[in-house]
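Participant: The lines below spell out each chain.
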Amino acid sequence: MAILTAPAGKASPRGVRTSPAVRKLAALTLVAAVLVPLAAARWASGTWPEALTVDVSGPLGGASDWIIDNRDSHPLFLHFLGHVSNAVVLSVRAVYLALLAVGWAGVTGVAALIAWRAAGVRLALGTALAFLACGLLGMWVPTMQTLALMVVAVAASVLVGVLLGLAAGLSDRMDRVLRPVLDTMQVLPAFAYLLPVVLVFGIGVPAAVLATVVYAAPPMARLTALGLRGADKEVLEAVESLGTTARQRLLTARIPLARKELLLGLNQTIMMALSMAVIASVIGAGGLGDRVYQALASVDVGAALAAGIPIVLLAVVLDRVTGAAGARLGQAPVPHARALWAGALAAAAAVAVAGRLTDRLEWPDGWVVGIAEPVNRAVDWMTDHLYSGVPVVGGTADWAGRFTTWVLDPLRDGLQWLPWWSVLLAVAALAWVIGTWRTALTAVSAMAAIGVLGVWNASLDTLSQVLAAVAVTLVIGFATGVAAARSDRVERLLRPVLDVFQTMPQFVYLIPVVALFGVGRAPAVAAAIVYALPAVVRITAQGLRQVDPAALEAARSLGATSGQQLRQVQLPLARRALLLAVNQGVVLVLAVVIIGGLVGGGALGYDVVLGLAQGDLATGLVAGAAIVCLGLTLDRVTQPTGRRTRKGA
Amino acid sequence: MTTTGTPATDTPVFAVHGLWKVFGPKAGRVPGDPRLADLDPAALRARTGCTAAVRDVSFDVRKGEVFVVMGLSGSGKSTLVRCLTRLIEPTAGTIAIDGEDVRAMDRARLRTLRRHRAAMVFQHFGLLPHRTVLDNVAYGLEIQGMGRGERREKAAEVVAKVGLEGMEQRRPAQLSGGQRQRVGLARALAVDPEVLLFDEPFSALDPLIRRDMQEEVIRLHREEGRTMVFITHDLQEALKLGDRIALMRDGRVVQLGTPEEIVGSPADDYVRAFVRDVPREQVLTVRTAMRPPLSSEEAATGPGVSPDATVSEAIEAVSRAGTSARVLDRGKCVGVVDAGALLDVVAGASATTADARADRAVPAPRREPAPPTATTSEEPV
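The listed protein sequences correspond, in order, to chains G and X. Be aware that the first sequence starts at 30, since it is given in our numbering, and climbs by one per residue. Be aware that the second sequence starts at 226, since it is given in our numbering, and climbs by one per residue.
Chain X extracted, bound-state conformation (with noise of 0.2 Å):
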């Protein structure tokens, strides 16, 4: 993805700090409390009988990026995607939309909210299953009082841009569960919503499908530039479409980083396992292994490449060569990588990977999961 990580200057679009959602009787009580607070889940069950779904995160989410929050099934990822527009009414901490406090709204500010400023695409669809596509495309518009040639018109222009010309008059039970998907993208679409909020969109896809699903998402973030916000469970989908990751793990951001971040420095051990099969040379680029160039020649011969290129595409330029490439920022030389630090990163050696990381305008948290504060706009909310 294109999107380049200067820290926004702007007002993010989802700025959430502090979020806590608890189930459980009294549920109130724990975030405040700093006793229960630092429990683990299932100290916190056996006392109060609650369940810590999300635990006192904060991120923010930029104009145009993608936004992917990354955990295994039970980390609390779906109810944090559900707390953004309060489908699931958080328990403490503050969520703003373009600065606008969430939690304050009151119902028809939610509502509205939810009609035109962030759409959601869910796991199982949720389509209704006694509309024809075409229908199912146009309820958002329908919810918001458009009138039926209007919103039919509408909706046949997104069912085109997913690519389902010619099923508009199907009934969800009669496609695919692609197709089905991709009606629930289009209804996501045909508000023109300023967010897209994706919970686990392609779980329930078989592995070639779900591979055309993300090209799909790829292709329509890089047209429309929109804001994304992208739940999986899948380490390879995240990567391959986020331009930040938050990890998550019990209900806590154990990490928040680029993918680069996540896989060339991992912040704990937990995060370690994760990305440990993860081919770095596909996901880290040549930044991680360059260095200055040693000699005025080094910098004026080899091949070029450019530093946001993976280390496998210098690899191959490197092999091609037969010498050490120049990492050229528009047209300036800016390091140089030869075979022995592409190897290195291949091999996961970190000597160079940690200096390289200095250098980095947003630096990744090493320990601490929960600041991700730090690598995110420091504006307030």
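So that you can see chain G by itself, here it is in the shape it has in the complex (with noise of 0.2 Å):
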């Protein structure tokens, strides 16, 4: 802020007086100047002080334990919440008999010949193995388990992400107030939602399941108004000129025309619904996340790996499909569609049938094979040879270590040190500078919201794990990006890679980080860095290569080299990528780092959990609201006045 003070240099008296960064940062200063002498005298001036936090827990664990009180005879719990929470159980029960009705080989079949008709015969294959897999590793009971809350989780999410989208996309001003809570939800982490449901519904299924509905309709919500807004303006207004009525024009024009939206939408609700029913375990989902849960809990790699691959393998294999099923739309459809549909469900219930009737519906337990043991002896020898004393390199456990001590420590002492005036100040300035002054307030409220709830110094720890995290994964994923835009062989390299990467639960990433680097900080921050790297490499890829090929073909005409192609076109004309990059570096790693909580991360995420492991909902409620309250400024902070759909896409 020295800038403000230095008189305009002759040279450029305009840039400096006009530029509109150097003009807000003025403003602050101004302000600044006036309040925080004030506030310093008025209150202390190292961390937030004692007389501006307000202690909620009281009030809240009331609530809380209100809530446990009534929960059999308010009548908002008999007549409604009791209902709901009744038909979530049924549905994911009857769903999850079903599956173990049509036995494991009705379940494959019907699995890979929906593959087959949606996605083609390379991916059935792929779907029949992927399911084939999960009952070889031993998981078929719990993969059963997470399919039938997914079903049921992904027909709410749908159902209700429909509905809000056709609101928002019909109407204005619905839109209006839909868009800001429906892009603030979609940059939560996940772990913020526990707590609320967990408080009306206790900890079990139901809250899981809405939990998962709450975490994964905003996004087919968002995409269903996008594509109602995004019709070709033209084709609407001929289907008017023939003289629809508005609902013909919803149902055949509007609708059919944001199809492929819609599916995009669809595949996104799956991936994030998956995504939470698998984190939902901390809050009674069973199945999957929860066999990974317990492993890692005891520290059990070989066990959450066998739990964490049919994960991997659902999330890649439903992705595809869905994806696959978008891609596919426009072409000419097959002839004969509906007789293939009726043979491949035949085949199907023949298949099923025949499970039935040799009594084969269970996973033959001689089939499994029990990966956990070998996978542990492996760890245990990676424990005794890479951890530590490996010559020259040191060891990944030492790595841990000084990564902690030389980077989280200063940095998290750096940031309690700090004035708190001058941590908002920071947040407002930069917010300020990228946005409006709209995201720098609401930064800035959220900011000191964490403050009054009385949690500064976890929340302020979980931010510099971020900070580091958003550092590393910063630069590697620029220059990753930056090497993947320049040469189609990286690229081409690269792309399975991210795809995979991109399509695995953000809670999948622990088991991996946990063999290498054991529980702590680092583990988590590492977890933060691969979950955000995929999204961060690819926007800044795609950024670079859509720059407009005529500035590009301009700047070589002239003859620059590659190195000032790149600096002086590429990247100023993707700037608006970068900073998306950056934005959603940001969302992503902290998602990763309040879960990292589970694996000893600490701080916030440690704080939720805690409070769900001893009923203790105040202390975990609070570190929720902190959460939101982080993700709002740190969204807000990065946030370019533009935004896209998130990972996943």
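Do not take every clue at face value.
As the list claims (entries may be wrong) - Examples of chain X residues toward chain G, derived with CB under 10 Å:
(1) L312
(2) R332
(3) H355
(4) E367
(5) M371
(6) M392
(7) G409
(8) S537
Please keep in mind that the hints were generated in silico from the structure rather than gathered at the bench. Every residue, glycine too, gets a C-beta built ideally from N, C-alpha and C.
Since each chain sits alone in its own frame, please combine them into the complex, following the hints.
Facilitator: Rendered as structure tokens:
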């Protein structure tokens, strides 16, 4: 902010004085100059002052107790929430029993046939193999539990999402109301949703399903609205010119025209539902996530991997099949489509009946390959040989330790040492320079709310992990992205890796980092980096590749070297994409750093887990609220004016 | 085109009077306020923040004619054609279709109008990408509630009429631009409308395809005699297709008349500049250049040409015969054209054309662009 006092030089008088960033910073300095001395004099200047915190744990605990006491008697629960809860339990149970009744052969067959009709022969084979692998790993029953929960949650998410999307797509007013809410929901870490539903429904399947719906419905709603709004204006005009009623327009034109977005929404909803269904194991979801959670709790990497692999397989299959169905749109339909569908269904039914008749519904025990033992032996070997004392490079545990000592600790201590008002000022400055005064106001209010809630230090701990992870992510991500943008070969090599990494649920990333680095803050940061990297690489590479070829050609024709092209044309023109990459990187890193509470990441994530584990909902809720605030702050300080669909697209 | 220019005594298909379309805040006050209505576009925008896309436009579209609205982009022609069926709601003025007030129609009546009486063809086709060609063509009929079998049968006929047999099951994405526009045309024709509205239908097409499509429209008009309102920015296209042309600039009609009048006697410098490069001999008819026969001998000999023949056709006849040519109307000699007069037309001399113009049943407006009613039916709307 020293620029302000410096007199505008004669060389560039206009540039400095009229640059909006400088003007905003000047205004901010003025405000700060008045307010900071006042605040510092009134309250202390170090960490967030006691006088400014409000202890909400009392009322929250009271509310939680009241809900627990009244869950069986209050009309709100009896006549509404109780029914919701029962309906969820019943439908999940029904789907689960149906899946078991069809038997492993039947489920595999039906899944493969759906994949075949929707996406072709190769994906059908892949689907069948994936399901068989789940059985081989001894995870058939947990897989079916997760699948049952997913089916119900996805159905509900799609229903809710489409309804909200229709409202936002057809009414401008609804759009203005819903859009900021949906946008914000998309940037919040999954953990933030757990506590409120637990507060209302208690730990169990209903809470898990509802948390999943709340987490997975927004992309469906957003993309439905986007599709309805993005329809070709002239087509709609043509349709109107033929004298359609509003209903006819919606059914015959607007919805069909939005099919691509609807399918993309379905894809994203499914992926986010899977991600959440796994995380929701901490609030009683059962299934694969629960196996991973239990295994991680006892640092049993082998068991975690055995449950983690089915999750990844499920994710890849679901993503590829729905994605391929979307890509097939617009192609000429296959003749006799109905007959083929009927044949496929009949074949699936035959397989299921055959399984029933031969009494082979359950996955045979003899076919299970136990991988937990060998994996654990391998991990033990790694612990002995790779953790520390490797000549020259050092061991993985050494790295983690050094990273914690030399990066995470100083960063955390530095942040916590900073006067509280200077943190607020920094947030305000960043958010205002990048965005508008509104985003700055939101960001500062959210950050201040963290202080008021009394979790300032824990939040700064989380923030330090996020900053460290984001820095590493951006360095590696931009470098890889630039490489991928400049070389087709690098891009070809990277694409399948990115595809797989981008489809994996957040939870799964914890398994390998625990195997490599043990538990602690460093593994949480490592998982966050690995999780956020693919999105950053992809957005960077796409942004650079989409730079106007004419501008690039013009630069080349003037004799620019490739380095000059990159610095002077590609990077400036891809500025929006780079900002978006930063934003996405921050949001994704935060999500995993929070989940890192499960593997010793401490801070806010740990508070949530602790609150759940000990039934101390007040602590958990405060931490959850702080996560929401931190998510808002981080999103707003990195938010360029526009915004796109997030990960999984 | 063949429609004669006799003033229609029957009700015009479209009668538009004093039509305004103003975009912007409180648009309604602009047409009524003479101080605002007379401002030029830039001043109006500065004063009110409004843009007047259509300003006080009046014209009639007669039954069976091809009425072309021509102007550069931004002149308001596309807005004008959308106002006709209220795809864009006009700000002020009256529109009548067959004497029925369009602006007073409720939703149901308006839908009936769009379903049965006026169908539109769009610049970028506006086809539904998820439907086959046949179902796109049948779409208008489906909207009307016609059963699947019947509408497909009817659509198949129209598909054949526009020359797309064998492509019924394709999707729009599998067609070329010209073929897509044929689908758009077929969709409009399928509902058997009284008027076809074309909004720059061929602008997005290659020149050669464009010429094919123009021929197609001419053929359709010749076969069915359907009334057409045709929007274009292409002068050649306007002259080729139009029985009458309304030339628009900044939302106003600056001249309304036959192609011959537009080219032969431009109303102002703008129109003059516009038509400067048009080969006049291909647009102007021999009426422009003829004089009364000097002698009975001259009225009895020489090659005969029709009064509607173009000057270039007459030049061919005169140069082949080596004498002046007679203009024969139903076998009767109504005048004579000689080489000198024909050359005057090509050269752009206007002495004779001015006289000839006075004889015409429908005189073109000279100065004022505003009163096109003078050129059209005088009947009340």
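Participant: Does each hint hold? Answer for all of them.
Facilitator: Hint check:
1. L312: holds (6 Å)
2. R332: holds (9 Å)
3. H355: holds (5 Å)
4. E367: holds (7 Å)
5. M371: This interface hint is violated because 12 Å lies over the 10 Å limit.
6. M392: violated (12 Å)
7. G409: holds (8 Å)
8. S537: Violated. Min distance 39 Å.
Hint compliance for this structure: hints 5, 6, 8 are broken, all remaining hints hold.
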